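Number of protein chains: 2
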Amino acid sequence: MQRRRAEICSSYLWQRYRTNHNKFCFFSSSSSSSSSNSNLTHNSFIKSPSLLNLDLPEIWNLHSPKKKLPLSPHYRADDQTAAVIDGISIAEEIRSGIADEINRMKHTIGKVPGLAVILVGQRRDSQAYVRNKIKACQEVGIMSLTTELPDDCVEDDVLHAVSNFNEDPSIHGVLVQLPLPQRMNEEKILHEVSLEKDVDGFHPLNIGNLAMRGREPLFIPCTPKGCIELLLRSNVEIMGKNAVIIGRSNIVGLPTSLLLQRHHATVTTVHAFSKNSDAITREADIVVSAAGIPNLVRGNWLKPGAVVIDVGTNPVEDPNSEHGYILTGDVCYEEAVKVASAITPVPGGVGPMTVAMLLSNTLDSAKLAYKFT
Amino acid sequence: MQRRRAEICSSYLWQRYRTNHNKFCFFSSSSSSSSSNSNLTHNSFIKSPSLLNLDLPEIWNLHSPKKKLPLSPHYRADDQTAAVIDGISIAEEIRSGIADEINRMKHTIGKVPGLAVILVGQRRDSQAYVRNKIKACQEVGIMSLTTELPDDCVEDDVLHAVSNFNEDPSIHGVLVQLPLPQRMNEEKILHEVSLEKDVDGFHPLNIGNLAMRGREPLFIPCTPKGCIELLLRSNVEIMGKNAVIIGRSNIVGLPTSLLLQRHHATVTTVHAFSKNSDAITREADIVVSAAGIPNLVRGNWLKPGAVVIDVGTNPVEDPNSEHGYILTGDVCYEEAVKVASAITPVPGGVGPMTVAMLLSNTLDSAKLAYKFT
Chain Z
1 MQRRRAEICS SYLWQRYRTN HNKFCFFSSS SSSSSSNSNL THNSFIKSPS
51 LLNLDLPEIW NLHSPKKKLP LSPHYRADDQ TAAVIDGISI AEEIRSGIAD
101 EINRMKHTIG KVPGLAVILV GQRRDSQAYV RNKIKACQEV GIMSLTTELP
151 DDCVEDDVLH AVSNFNEDPS IHGVLVQLPL PQRMNEEKIL HEVSLEKDVD
201 GFHPLNIGNL AMRGREPLFI PCTPKGCIEL LLRSNVEIMG KNAVIIGRSN
251 IVGLPTSLLL QRHHATVTTV HAFSKNSDAI TREADIVVSA AGIPNLVRGN
301 WLKPGAVVID VGTNPVEDPN SEHGYILTGD VCYEEAVKVA SAITPVPGGV
351 GPMTVAMLLS NTLDSAKLAY KFT
Chain L
1 MQRRRAEICS SYLWQRYRTN HNKFCFFSSS SSSSSSNSNL THNSFIKSPS
51 LLNLDLPEIW NLHSPKKKLP LSPHYRADDQ TAAVIDGISI AEEIRSGIAD
101 EINRMKHTIG KVPGLAVILV GQRRDSQAYV RNKIKACQEV GIMSLTTELP
151 DDCVEDDVLH AVSNFNEDPS IHGVLVQLPL PQRMNEEKIL HEVSLEKDVD
201 GFHPLNIGNL AMRGREPLFI PCTPKGCIEL LLRSNVEIMG KNAVIIGRSN
251 IVGLPTSLLL QRHHATVTTV HAFSKNSDAI TREADIVVSA AGIPNLVRGN
301 WLKPGAVVID VGTNPVEDPN SEHGYILTGD VCYEEAVKVA SAITPVPGGV
351 GPMTVAMLLS NTLDSAKLAY KFT
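Chains Z and L, in that order, give the protein sequences.
With my numbering applied, the first sequence covers 1 to 373.
With my numbering applied, the second sequence covers 1 to 373.
Think of the hints as simulated: they come from the structure by calculation, not from any bench.
This one's a predicted model, so the numbers in the text were calculated from it and none came from an experiment.
Just to be clear, a hint being listed does not mean it is correct.
One copy or any two copies: either way a pair holds, since identical chains are not told apart in the list.
[Unchecked claim] With a straight-line cut-off of 20 Å between C-alpha atoms, the simulated SDA-like cross-links for lysine to any residue are:
(1) Lys188 x Arg215
(2) Lys106 x Ile134
(3) Lys135 x Pro57
(4) Lys275 x Asn185
(5) Lys111 x Phe372
(6) Lys303 x Gln177
(7) Lys275 x Gly299
(8) Lys111 x Ala99
(9) Lys275 x Glu237
(10) Lys367 x Pro345
(11) Lys135 x Gly348
(12) Lys135 x Gln177
(13) Lys303 x Ala279
(14) Lys275 x Gly240
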């Protein structure tokens, strides 16, 4: 699920960049800004795009080690100060609550939630993610349906599958497994998913309602929701605390920053164009890293006692492991664990929460549909 | 316009607070969080609201002087270091560009943009704002229509007026002058405005598209758009700079932060629950204050050389002035002008830009409707 999300993000951004990078003017330095401004036509005086579009790819200009970091020579296992936030057991607790609730629903109104997944092609990783979701559904009592389409299907086939599930009253959440084949218009297909079944919570109306005070989205995106659950269930005070979110993807960084602000943290978003990311992060009481860069956040990026939520799930070469790689977070765990007061491991931190939150959103959606409280 | 927006914000937040403050649980401290969590029922395990709703009123706990600050005894007029960003002349330049563009539209396709304003009741300030907008429309060649409804009209009358303008093809922007009478459901009425005519840009779908990378809103809210225009036209480099937005209203603080992030600033939002707001603001290269608190931002809140955009337009008692009050910004101008490298005055900074951006959005909307490029 993590990797799938990272893929959505990076391929999408690159695609947008390729489409747009010649279309709009950039004001990237005062000199270019000056010349652009002095040559403004009446038309560009008033058009929004120049104000909006600085759609650059998110490339982190950092020399972070790609491989697993060797332990510092000063490393001592007993230096650890941080409590480990156990995402596996918290997610299990949540899934157990969901299972009970679905049981109650079944016995009260004779209905269960339904989740539909659309899978195009034969990508093995996508197949594995879909299997994982279906298994998680089965365990809590969510009915799941999968539509598998061949690699050579056309966009209309996918749209048709989405539309069928939109109209099926037994289905309360519709997921399109990404990435889709390059030739397909991902945004158009995702837009086809009915707002009431957008259990991923990525619809711009959901994001807008998440951002705005006094409004409520129908669904909170799963990974950000999982991060906040981890903080709340670990009794981390959020209100008034400085929070730094590293990364600003639509699916993790952005909604996490919006959600933390709803909880009255003072939120700073660090991204690939930020300067002094380490110094900014060092001011944070709560750090959520979702940059997708292994070992980006070193021990010296952290304020002593900070709480660290590591969303990164980066495959890093490791010839000693079974598959030739291991999953590594954005945070250099061995260093961070000596500075932070609490930290999520990778794997076993945010990852299991994402799937639990997908189940939770699907249940919420079914309750809404059946007016079951 | 400024005050109208401030009114939307504060009355709206208070109304929400009154509606919600008993409805959801707050996790305001680790102890309450702990007890809430340990008593979670299965139902609350999985429901979103506890994750979302910390809908507290935005009360700044500060001892900012309400009255106009006396000048420091050390004040010397020649201490000024900041360039003054002249919103009046920049707005004039923009309005002149809009007028030319409308002229071109009229001569090419025989059409002009149309803006509709709905005014309920006899509030003198609202009447003044509406007159101001109509005058600005006339000056650039935008056709304007006003529907004035009596104080004792019903909600359906307002909805009917909105609906009429939604259907009128000669109208490209619909504004409902706020505040509405207390008995009316403001959110419901605003929601009735067609997305294509939401030239205020407050629709959650617009805000969501403003927040998300790779998406574009139909309209950018007027005041935030005006702030960015001021920065761009003053050749202020935004990319990679630290920006602090003070205040997080839906109509100014939030969209300004999203827009600055689109320009690749590293954005921090300071609000009423922030701690050390002064120290955080002191790290900023760009400060946008939209808290609605006169003289909140003192000279010692600013890093030398910072660029300051002051959105505050706060009426402050002044027996010597014609109306018994003067308009004061959020920023203590006399102090800031000695520290900043550039600053907007109040009045004459952001205020004129807001109206210019409303005209700009209305023109954009008409161009879209007529497919005129």
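Structure versus earlier hints - violations, ascending order: 3, 4, 6, 10
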